[in-house]
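Listed below, chain by chain, are the residues.
Number of protein chains: 2
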Amino acid sequence: MSNQQILLIDDERGISDPLSYALRKEGFEVTCSYDGQDGLRRAQSLLPDLIILDLMLPLIEGLEVCRQLRGDPRTREIPVLMLTARTEEIDEVVGFNMGADDYVTKPFKMKPLVQRVKALLRRPHLKEQSVDVVSRQGITLDRLHHRAVAEESELPLTPTEFKLLWTLLRQPGRTFNRNELMDASRGEDANAFERTIDVHVRSLRQKLGARAVLVETVRGVGYRFRDEPHESVVTETNAI
Amino acid sequence: MSNQQILLIDDERGISDPLSYALRKEGFEVTCSYDGQDGLRRAQSLLPDLIILDLMLPLIEGLEVCRQLRGDPRTREIPVLMLTARTEEIDEVVGFNMGADDYVTKPFKMKPLVQRVKALLRRPHLKEQSVDVVSRQGITLDRLHHRAVAEESELPLTPTEFKLLWTLLRQPGRTFNRNELMDASRGEDANAFERTIDVHVRSLRQKLGARAVLVETVRGVGYRFRDEPHESVVTETNAI
DNA sequence: CATACCGGTTAAGATTTGATGAAGAGGCAA
DNA sequence: TTGCCTCTTCATCAAATCTTAACCGGTATG
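Chains as they are written, first to last, in my numbering: chain A, 1 to 240; chain B, 1001 to 1240.
Calculated from the structure, these hints are not laboratory results. One or more of the hints may lead you astray.
Unchecked claim - Quick list of the computed label-pair ranges, beta carbon to beta carbon: (1) Ser1153(B) / Gln44(A): 48 to 54 Å; (2) His146(A) / Gly1071(B): 49 to 55 Å; (3) Val114(A) / Lys1118(B): 26 to 32 Å; (4) Lys1111(B) / Asp198(A): 23 to 29 Å.
We put the beta carbon where it would ideally sit given N, CA and C, even for glycine.
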């Protein structure tokens, strides 16, 4: 029972039978389900370590199953491996951002698929859970209440500035180019002058005051939020 | 160089020019190649994150390029997006099972294609093996954070120096000629003065300090990153 | 030894890049 | 409507970076 449990949701016996066989031979415990509704119920009762999900399912579509899995806190973190018939479907799935963790196109070879399964199970589960509060270097952002606080005082950020800082703060040290920041701060409106970001960064820095140095410029690339503490800020912090 | 690199292999300027422009505007680094042979060579020296490949090419056919890319362990895992003239061709291509990851029929709209590119690059299993950190001989490059570290201290590299070192470091021991290094560091126009590379190498060596010897000159050919920590005596003996 | 070739070095000039100030353009509520 | 507020665009400047070209010394070759 120390074996890892896999829930396989697929209505085609021609696929699920050999697949479940191959997985069992690898030492996994496999439970099969042949439609979406049943699969969803089993997922919630079994809480397996991994779910393999066909995109085309009777009763409930694969995407809907995935959505509901993600909506339930008990199953939210279970990795999902999606089976799709065509490459283009992957785009859709990715587009819907349904949170599948990997995709395999049918027809597939058994060995690579098992490899993928193992890789997913091996993966450290630092999946970015939906976080509403981020706090770094004395700056705290709460996106539910749309509040930004630096030490004591509240920062009056505009929506764009807020999203910008949110993006930077969530992955401190990572450098974002202007396009990524554009996307992050303005949704998917892709066609805008890149340098607009510079202006937002500027006003952001102004409002950050002494902490402005935390938003670093990476020349030729973009911007990033400083990872390690900065001397002048520490001094400032102490002084307050 | 937090940016992802795309190699575009297409001989029709009417296609490759606007496409490379669109991709660059999206923040990708794009290198263009106008025939199969050259494209193959560039793929092997650049090791881009994605390759866009026209099916009809001079010198070597697209399918043959694809086959050879799949045959080389260095390029085997790089996703390939194939451009084809007619829908029926897709079937043929799929039939040959040449391992292209996606197909787009010409003529295509710019936006959807860019979407496809992004989707391909976002695919989880590709993400897992795409390399963002390279570390050799005590030097570590992280293109996501855009950081270069030697032992303890951070190296303040300019964008060009970073890309140069990134290229050398990814395939230690392999000698790159100046054109290849030009490509890698300047992405765009390959028709610049070759000796420019020498100057970049020099400033790179200066910043590397004691580790400067790791960037070796191969007289008459180009440069390479040293593979072995010490003298090549052992290597010689083993080689014979 | 002479010579052509090659890479190292240097500095000046050209180009690119980001910061900044300011001027519209909409949006929205009073 | 007017009066903010926010976002975008543009022009300009200074600094960082890249390229070019000239000069130098080492090396292979005859």
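Hints and how they fare:
1. Ser1153(B) / Gln44(A): 48 to 54 Å: holds (52 Å)
2. His146(A) / Gly1071(B): 49 to 55 Å: holds (54 Å)
3. Val114(A) / Lys1118(B): 26 to 32 Å: With a Cβ separation near 29 Å, Val114(A) and Lys1118(B) satisfy 26 to 32 Å, so the hint holds.
4. Lys1111(B) / Asp198(A): 23 to 29 Å: For Asp198(A) against Lys1111(B), whose Cβ atoms are near 25 Å apart, the range 23 to 29 Å holds.
When the structure is compared with the earlier hints, no violation turns up for any of them.
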